[in-house]
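All chains should be modelled from the sequences, with the hints used to inform the complete structure.
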Amino acid sequence: MSDSTAIGHGAHAAPVDPHAGGHAEHPPYLRHHFENVEQQADAAGFAMWLFLLTEVMFFGGLFTAYLIYRNWYYPAFVAGSHQLNIFWGTLNTAVLITSSFTMAMGVWCAETHKKKGLVLCLILTFILGLGFLGIKTIEYSEKIEKHHVPGFHYSLQSFLDPDSDAEAKAAGDKPMALDMARHTEVYFSLYFAMTGMHALHMIIGIAILGFMIFRAQAGAYTLGHVTFVENFGLYWHFVDIIWIFLFPLLYLISRHPN
Amino acid sequence: MSSTIVSLPDQSTARIPKVNFITKENGLLSWLLTGDHKRIATLYMISITFFFFIGGALAGLIRLELLTPQADLMATDTYNKVFTMHGVIMIFFFLVPSVPATLGNFLIPIMIGAKDLALPKINLLSWYLYIAAGMLAIYTMATGGVDTGWTFTTPLSTHYVNTNVLTTGLAVFIAGFSSIFTGLNFIVTIHKMRCPGMTWFRMPLFCWAHYAASILMVLGTPVLAITIVLVALERTIGIGVFDPTKGGDPILFQHLFWFYSHPAVYIMILPGMGVISETISTFSRKRVFGYTAVAFSSVAIAVFGFFVWAHHMFIMGISNYSMLVFSLLTMLVAVPSAIKIFNWTFTMYKGSITFETPMLYTFGFMGLFTIGGLTGVFLGAAGTDIHLTETYFIVAHFHFVMVGGMLMAFLAGIHFWWPKMTGRMYPEKISQLAAVVTFIGFNLTFFPQFILGTLGMPRRYAAYPPEFQVLNVFSTAGATILGVGYLLPILYLTWSLKYGEIAGNNPWQATGLEWQIQSPPLTENFAATPIMDHEAYDYEWLEHQKAKEVASVG
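Protein chains in written order, with our numbering: chain A, 1 to 258; chain B, 259 to 812.
Some hints could be false.
Claimed, not checked - For the chain B half of the interface with chain A, some residues (derived, Cβ under 10 Å), not all of them:
1) 374
2) 443
3) 451
4) 477
5) 483
6) 491
7) 504
Stated by the list, open to error - DMTMM-like mimics (lysine to aspartate or glutamate), calculated; alpha carbons at most 20 Å apart, straight line:
8) B:379 with A:230
9) B:504 with A:179
10) B:806 with B:793
11) B:544 with B:801
12) B:450 with A:42
13) B:687 with B:759
14) A:143 with A:165
15) B:450 with A:35
16) B:608 with B:796
17) B:450 with A:38
18) B:806 with B:791
19) B:379 with A:35
20) B:379 with B:283
21) B:806 with B:796
22) B:544 with B:793
23) B:450 with A:230
24) B:379 with A:42
Because the hints were derived from the structure by calculation, they are not lab data.
The C-beta atom is built at its ideal place from N, Cα and C for all residues, glycine as well.
This is how it looks when you write it as structure tokens:
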């Protein structure tokens with residue numbers, strides 16, 4: 001991809017040696033096929049928003065499935081949501097929102113050329129992201145212990161006999177008919193599919209964050225070229241927003257007054 | 259009356275420009291690590307031709323099996339695998355990327371006066387994803403194949419078959435990302451990279467068509483991705499979302515799958531329509547009639563295309579009301595398609611029409627696409643659909659649109675821009691012959707299938723009642739002719755790479771920006787950023803330019 005940087009500059013109808021102008025005219029990060037830095041940043045930002053649009057459509061399929069089954073099997077969805085741990089869920093929401101804040105601060109640091117601040121913010125975001133996944137692991141292991149993972153070993157015990165189950169008892173669940181109780185499996189399918197896809201996005205994000213921390217330490221993002229940090233910030237906030245929708249839809253189904 | 263518009267430079271003195279995107283750098287790595295949209299387009303073209311051959315060979319096997327009423331050439335489950343792989347390869351590895359990834363990739367930046375696509379690395383990544391997906395698809399084929407049909411219908415794909423559903427699904431998933439990245443790149447490029455003076459309504463209609471197709475790629479493909487993920491989860495751990503015994507609904511799979519796969523047919527056809535707009539104008543020497551209407555009809559097809567998916571599901575137990583609504587919406591798609599066909603016809607009216615190969619393929623497209631589109635209205639009408647669906651009528655319908663439409667457009671485009679891409683002309687006479695052979699072979703192959711379908715021959719079976727044999731023999735004979743029609747271009751186009759006449763900058767006397775630069779183009783396309791100071795398809799501007807050139811030389 002080293003092709004024609006020099007010729008690309010020449011095409012600006014400047015007959016002088018393209019390197020003579022130095023970096024004052026053409027910053028080193030300006031790719032040869034763009035006219036100027038604004039156009040480059042503009043295009044990259046627009047591309048990122050489009051990519052997020054594809055992500056909306058990707059999760060949209062899951063949300064559609066959720067919408068349909070929740071309407072069909074509302075009691076099963078309520079009983080299923082009672083099995084989720086509100087404390088961990090709320091804490092995770094707080095962790096994720098805080099990580100979005102540190103990420104936003106990171107973008108601000110990059111824009112204002114604060115290298116140390118940027119590195120610190122990225123590391124904090126990285127740790128908070130790992131924290132989210134750690135809490136998610138605790139939650140998943142609770143489900144595995146109670147055989148609430150859909151598939152071969154799925155158990156209906158908590159829903160057919162709520163008194164035998166601490167969470168169901170605390171929520172005051174009544175025993176459900178088998179026909180509705182077995183639909184809790186659909187609820188947990190969607191729970192794992194949605195939070196799993198979300199967690200996958202987190203893992204990808206954390207991996208990119210790790211890479212960015214090293215690049216930021218080398219000073220890559222604090223010389224004026226902040227597109228990458230900004231676009232990653234958009235991605236991180238997007239993943240955050242997905243969770244903001246998942247949390248009430250999965251955890252808080254019947255937890256409203258009346 | 260001159261019968262041709264071709265004007266080539268004096269062959270005794272003409273040379274291919276020494277510096278161009280092909281000669282710029284040498285060595286395999288300079289191709290495999292390139293960011294140049296023209297080189298990536300070339301890579302795509304080679305790989306797509308490869309997959310077209312595999313898909314075509316499988317089609318040949320299908321037609322051979324159907325030569326006789328009994329299942330005698332191969333076992334019936336082998337036949338299931340053959341038609342499934344034919345569908346998967348032709349749709350995901352040929353039709354979806356065919357025009358966009360080759361011609362679109364090559365031409366869109368040049369047509370709008372840019373040096374490259376906005377995201378060259380993403381463009382290269384999309385090719386690597388395509389290749390990875392394609393290799394995976396071939397691997398699944400070699401290790402036992404898959405027999406669900408290209409639609410991966412649940413619960414067949416999740417519960418009942420033991421073939422390679424997962425790996426094929428993964429291949430389609432990866433190919434989907436390749437397609438998303440191509441579409442995303444086109445949208446960003448068309449928005450942000452147009453040269454000074456290149457307003458939206460000065461862009462060639464080729465770009466409009468690709469823009470519309472890109473919207474579909476970007477919005478539709480992710481839904482296919484999540485659907486495949488859910489099928490994989492259903493198949494591996496049995497999550498139950500599509501499993502009625504657990505309260506799931508297989509119809510939900512159909513909704514999600516067709517939400518992508520119906521728009522996908524417009525992903526396949528829209529870029530082809532873009533090609534036709536260019537060729538019809540050039541070979542009629544007229545501005546495309548109703549430019550704005552044709553441009554917006556592309557967008558309208560993209561928008562309507564998202565609201566018709568359930569017409570694939572009329573026999574699957576959707577409610578009568580949704581059948582009514584989707585039937586109506588389906589027929590509405592015929593309106594923008596008809597706008598295009600009528601406007602192209604009006605473009606030819608009182609034009610100076612010449613009959614070079616791209617124009618012959620264009621005629622083929624217009625006739626066959628019209629038949630394919632009109633039979634689509636039969637299928638969109640819920641009543642007739644219940645009789646005709648899952649018969650050969652539907653097979654004939656979508657082959658008329660996809661092969662008769664898209665493949666004709668692809669070949670029209672390849673011939674039309676071949677001189678631009680390679681700097682050399684293809685041999686005219688033999689290619690005209692190939693166009694005619696393709697047209698005859700196509701009709702002989704697929705027209706009998708309309709009759710077979712109306713008579714009630716079901717699709718996707720290796721055996722059929724003996725009374726259908728005559729028409730099937732016609733169809734297989736036609737497929738043989740069609741095969742020759744497709745082999746010919748491969749041979750003479752390869753030949754022309756070395757022995758073709760030097761084309762010069764603008765052999766067709768066409769108006770697009772791509773024809774005002776050298777062939778093959780420079781790596782950076784333009785020596786200086788162009789300024790667009792005229793409308794698209796402005797032949798008077800072109801005459802004026804030529805006059806100026808002569809004056810300055812004289």
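> Which of the numbered hints are not met once you compare them with the structure shown?
Replying inline: none
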